[in-house]
Amino acid sequence: MRRNGRSGRSGDGWRGWLFVLPTLVLLCVFCYYPAAFALRMAFARWDIGGQPQWVGAAHFVTLMRDPVFIAGAKNLLRLLAFALCVGLWMPLLAAELIFHAATERRRYLLRAVFVVPMVVPLIVVWLVWRGIYSDAGAVTAFLELVGKGHWIRGWLSDPDTALGALMFVGFPFVSGFPMLIYYAGLSNISESVLDAARIDGASTLGAFRHVHLPMIRPQVRLLAILTVLGVVQGYEAVYVLTGDGGPGYCTMVPGLYMYQNGFSYGKMGYASAIGLVMFVAILAFTLGVQRYLRGEAEEGRGPR
Amino acid sequence: MSTRLFWLFLVLVTAVGAVVRAAGGGVPAAGEPHPEPTVAPARHLIEITPGIYRPGNVPQSVGEPLRAFRDIADEYERLHPGVSVRFRQAPAVAGGGEGDWLRTQLAGGIAPEIVQINTEVVWQDLDKGWWVNLEPYLAQPNPYVPGNEVWWDCFADIALTKAKRGPDGNLYCIPMDIVETGIFYNKDVFASLGLSPPADWEEFIRIQKTLKDAGYIPLVVNGFTVVCDWTQDIIFDQLFYEILDQIDLEKGSRDEEAYLRGYLAPKELCYLIKRGFFGPDNPRYREVWRIIRDWRPYWSHELANTDMDRLFLTQRGAMYWSGSWFIRRMKNDPYLDFDWGIFYVPPITKATSPYACGAESAVIGGAGNQYSVTNRAVLDGELDIVIDFLRFLTTPESAERLVGEAQMFFPNVKGARMDPELAAFADIFRHRYCTVKWLYSLSQEFNDTHRRWIMYFVNGGFGLDEFLALSDSYMQQAADYYIDKHGYDFSEYDRVMAERGLSGGGR
Amino acid sequence: MRRRAASSMARVCLLAVLGFLAFFPFLFMVSTSMKSIPEFYRNYWLPSMHPHWVNYAEAWREVRGYLGNSIVVSSVSVAGVLVFSSLAAFALGRMRFRGRQALYYAIIAVLMIPPILTLVPTFMVVRGMDISLPVGEWAGRVPGLGRLVAEGPPAVPRWAAAFSSLSSWYAGAGWHLHFRLLDTLWALILPYIAGGQAFSVFILTTFFRTMPGDLFDSAAIDGASRLRQYRYLALPLAKPVLGTVAMITALGTWNNFIWPLVTISTPGRSVITTGLLMFGSEYGGRYGAMAAGQVIASLPLVVMFLLATRVFLRGMTAGAFKM
Chain A
1 MRRNGRSGRS
11 GDGWRGWLFV
21 LPTLVLLCVF
31 CYYPAAFALR
41 MAFARWDIGG
51 QPQWVGAAHF
61 VTLMRDPVFI
71 AGAKNLLRLL
81 AFALCVGLWM
91 PLLAAELIFH
101 AATERRRYLL
111 RAVFVVPMVV
121 PLIVVWLVWR
131 GIYSDAGAVT
141 AFLELVGKGH
151 WIRGWLSDPD
161 TALGALMFVG
171 FPFVSGFPML
181 IYYAGLSNIS
191 ESVLDAARID
201 GASTLGAFRH
211 VHLPMIRPQV
221 RLLAILTVLG
231 VVQGYEAVYV
241 LTGDGGPGYC
251 TMVPGLYMYQ
261 NGFSYGKMGY
271 ASAIGLVMFV
281 AILAFTLGVQ
291 RYLRGEAEEG
301 RGPR
Chain B
305 MSTRLFWLFL
315 VLVTAVGAVV
325 RAAGGGVPAA
335 GEPHPEPTVA
345 PARHLIEITP
355 GIYRPGNVPQ
365 SVGEPLRAFR
375 DIADEYERLH
385 PGVSVRFRQA
395 PAVAGGGEGD
405 WLRTQLAGGI
415 APEIVQINTE
425 VVWQDLDKGW
435 WVNLEPYLAQ
445 PNPYVPGNEV
455 WWDCFADIAL
465 TKAKRGPDGN
475 LYCIPMDIVE
485 TGIFYNKDVF
495 ASLGLSPPAD
505 WEEFIRIQKT
515 LKDAGYIPLV
525 VNGFTVVCDW
535 TQDIIFDQLF
545 YEILDQIDLE
555 KGSRDEEAYL
565 RGYLAPKELC
575 YLIKRGFFGP
585 DNPRYREVWR
595 IIRDWRPYWS
605 HELANTDMDR
615 LFLTQRGAMY
625 WSGSWFIRRM
635 KNDPYLDFDW
645 GIFYVPPITK
655 ATSPYACGAE
665 SAVIGGAGNQ
675 YSVTNRAVLD
685 GELDIVIDFL
695 RFLTTPESAE
705 RLVGEAQMFF
715 PNVKGARMDP
725 ELAAFADIFR
735 HRYCTVKWLY
745 SLSQEFNDTH
755 RRWIMYFVNG
765 GFGLDEFLAL
775 SDSYMQQAAD
785 YYIDKHGYDF
795 SEYDRVMAER
805 GLSGGGR
Chain C
812 MRRRAASSMA
822 RVCLLAVLGF
832 LAFFPFLFMV
842 STSMKSIPEF
852 YRNYWLPSMH
862 PHWVNYAEAW
872 REVRGYLGNS
882 IVVSSVSVAG
892 VLVFSSLAAF
902 ALGRMRFRGR
912 QALYYAIIAV
922 LMIPPILTLV
932 PTFMVVRGMD
942 ISLPVGEWAG
952 RVPGLGRLVA
962 EGPPAVPRWA
972 AAFSSLSSWY
982 AGAGWHLHFR
992 LLDTLWALIL
1002 PYIAGGQAFS
1012 VFILTTFFRT
1022 MPGDLFDSAA
1032 IDGASRLRQY
1042 RYLALPLAKP
1052 VLGTVAMITA
1062 LGTWNNFIWP
1072 LVTISTPGRS
1082 VITTGLLMFG
1092 SEYGGRYGAM
1102 AAGQVIASLP
1112 LVVMFLLATR
1122 VFLRGMTAGA
1132 FKM
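Protein chains in written order, with my numbering: chain A, 1 to 304; chain B, 305 to 811; chain C, 812 to 1134.
Honestly, I wouldn't trust all of these hints.
[As the list claims (entries may be wrong)] Dumping the calculated DSS-like pairs for lysine-lysine here, alpha-carbon to alpha-carbon at most 25 Å:
{"id": "1", "chain 1": "B", "residue 1": "789", "chain 2": "B", "residue 2": "432"}
{"id": "2", "chain 1": "B", "residue 1": "789", "chain 2": "B", "residue 2": "741"}
{"id": "3", "chain 1": "A", "residue 1": "148", "chain 2": "B", "residue 2": "654"}
{"id": "4", "chain 1": "B", "residue 1": "516", "chain 2": "B", "residue 2": "432"}
{"id": "5", "chain 1": "B", "residue 1": "789", "chain 2": "B", "residue 2": "468"}
{"id": "6", "chain 1": "B", "residue 1": "513", "chain 2": "B", "residue 2": "718"}
{"id": "7", "chain 1": "B", "residue 1": "741", "chain 2": "B", "residue 2": "513"}
{"id": "8", "chain 1": "B", "residue 1": "516", "chain 2": "A", "residue 2": "267"}
{"id": "9", "chain 1": "B", "residue 1": "468", "chain 2": "B", "residue 2": "718"}
{"id": "10", "chain 1": "B", "residue 1": "789", "chain 2": "A", "residue 2": "267"}
{"id": "11", "chain 1": "B", "residue 1": "555", "chain 2": "B", "residue 2": "741"}
{"id": "12", "chain 1": "A", "residue 1": "148", "chain 2": "B", "residue 2": "513"}
Keep in mind that the hints were calculated from the coordinates and are not lab data. Keep in mind that this is a model prediction, so the values were computed, not measured.
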């Protein structure tokens, strides 16, 4: 609906394309072309150093029956479920707690406490958790202290506990970026709404459930999408902690499998096929999240 | 207000960055990459990635920084004005990424002239012309050793050196030193429990049980190297030694046999795999894994990520299966507060398994630092100088200095005295070499798969029978792939087998 | 009142616990950086009583050549991402032209491509941008360029070598000019800018879309061109959001280690993450010095974050992250 008279301007036409041009050129050269090349390789058998031979959909057929991939996919679903049930909400808890702090200065300091650790690289995180899971580590010491010494095992070596131990790394799951996003969402809620809730006698918990949650829906949606992206594509943590996907396939993930095929075995074609499947999966998940968490109808609201 | 501050910060930081960069601190550029030399250099520059011996390196993070190599290089530069030697460090990426970095450099012709690398890696790329064949030079005399007629004679263990020849029969590396594994043990803990180094496997297990009951971790190991590699090689050797004469179908050359007596080369291994020697029906092979599985309870719990050194040094672990490199730490750690010793894996006797024969345990170590020459030396026209430098390095004086300073290996140069602390390892090294190195024979994919399932099996993921069945299936695949790749013809082996009256399964 | 106080107490405790646990890795990094390895083995968690400052000297020696490069690569990448993506986002968010929506989705789709997949093909693209031109030959035929033929272009000073994609050499018939991307910092910067576009456009477009239309219409009526609207209206309003994007891009480009490892072979030209790789080792990592190196490497980032969180938050309240 055109409200504020556009003075008959029919559109920006070529000027729009001009503005987008530099971005488009960069993307074409460094993103689209490599991606297209890689995805095309999904239909070829290409060992590094050799010539590609076209095999059509053969890789996908193999993939569907590949026990490694299937195990990886199952693990991925578990990891995803965990991330969306726990990892998505812990930062919210932190954001809420900070939001209720008394002074602005205190709030700034608290935010800093969660933001600064973003600079800690994976290697250091690995050192921390190695120290915790090791035979001389915190978990062992604790179990011995409470007399449950017989529960001690190699947390990352034992098939029963490997995936769980992997999931637990990153405790307490409050990362700076999601926390900031939630915090901003909370700050966005207008004072009037908050006052109204207070006047109506809502408790903190009540206000949270009925006022905060609905109003930060867009942020939740954004973070859900980013979480899906991160979990499905992620493999560095697994690589650093277990090296190859744990005992058997207990901690294998598709991302790691793709990396192994591409760089350790040189099977670039197969790796590309895995990548293509992952791409489609991410697309599907993202659309699913969008639909499930649809908030205000943003679609179709173009520029005015 | 803080927005302005933020942008100011960004600009300031960029400016600082540019200044810091211009000040050119840190690592000097290695010289312009080819192919664009502007002026023919008057001096020759040799670059080396020497691995552990890099000057300034503090191996194991204990002791003083190393400087022997720099001293040796300085001496060489004095003897040959116009030659400049520079050391570089290769990045160590988790998972062996060093090979990838190096391959990129080699492909571009800009790798360092001398590189420390396991020669097995070099063998994979012989067809690419990246590495210099050293055979012709080894037949010539080494001018720095008085009375020397042939460079070969400079090496202490010639058999080991010759065994480092590639599949084409040529030597591509100079093995400077020798490394070996051994079991370090805490003498104080042993004394307190009335224990002493075991004479055989039964005693070994008893000792471990005692230690475990007393609350220690009996044997500290890690999954990747110790469990999957060393354990497998030694125990396999122990149980198959009896029939080695029968299954060793092809003797190596006389030189190889001096060092690798009865070694099963990849071709032999593939053949034996195809004939079912290592399948679920072979009780001898089954025993290997039964022994390993029964051994597991005495190892550290966490095999994926052990910080082994720490466990042993803080006396939570009573024994530690490590290698000669650990001597450096043990000798230089200021906080070390217990008495320690070294022994080797004891032989397995009939008391443990009917297939054992009580033979002395095999050695699984070998050449340590191996220096190879890259195509850069050829491209820069410096090959003669590089070879000359290597000859200078392999004099007894230089080798003794270089290897002795680090206290991690013992030198492979005749006349170079080894560090007395390493004597125990030299003794161990006198044992015969193991029958086969499982994880160095077939493909990388086989290695990864085998490791994966060994770890699963050892940690109780499935039982012995399942493991053997699965292992057989991927071994067959790996053998097929390898046979296919090399186009082996087994008619000769079939004949030998028939002669010896062997059927599959080698009972 | 008592209930208030109790729940407030509970809140404080919970926050303290969460905060400590989240902040712990950072504390661990700093405390490890001050220990010698033997001490680290004895005392894993608690801070050291005898700080081993040598770690910092060692780390600084390894890292100092790279710090400058990292800073420059990240800043230039951030600037590039901001400039190009804000232009594109403005067009996609405020202008009308055919194919706008499709283009938007196409750009967003880049986020879903697993990065490892494109590693090798992108490397091939970068390696392929390698052209040699025999300038001397041609220049010789043009009057007035005789001097160039004789003396050749000026040599590139050493400190600029990492940035210079152009180099020259003399061979046979005259001077050759060589344009090359690999082994220069541009091999890092350009792909980083390209890669950052998708995320940035994603965020900025939604932000621009939610701006009040009247603002732009009145400007249009006053005769402002689209470019002017962009520069004097949209950008100033978007400053906080741009700060957000800057922060995230800086973090991403700073910590990336695979790409520099693969594209830059001359050691002096690489970035800090490559320098930090030198601390790993087969025979026992130098964890103390490594941690010290990490601390040094993260200092610029930490300072930037602390400044940017203030800015970032303002960006959030201005409606940046609505979807």
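Right, here's what the structure says about each hint:
no. : hint             : verdict
1   : 789(B) to 432(B) : holds, 17 Å
2   : 789(B) to 741(B) : holds, 20 Å
3   : 148(A) to 654(B) : violated, 38 Å
4   : 516(B) to 432(B) : violated, 52 Å
5   : 789(B) to 468(B) : holds, 22 Å
6   : 513(B) to 718(B) : violated, 43 Å
7   : 741(B) to 513(B) : violated, 29 Å
8   : 516(B) to 267(A) : violated, 45 Å
9   : 468(B) to 718(B) : holds, 17 Å
10  : 789(B) to 267(A) : holds, 16 Å
11  : 555(B) to 741(B) : holds, 17 Å
12  : 148(A) to 513(B) : holds, 20 Å
The earlier numbered hints that this structure contradicts are 3, 4, 6, 7, 8.
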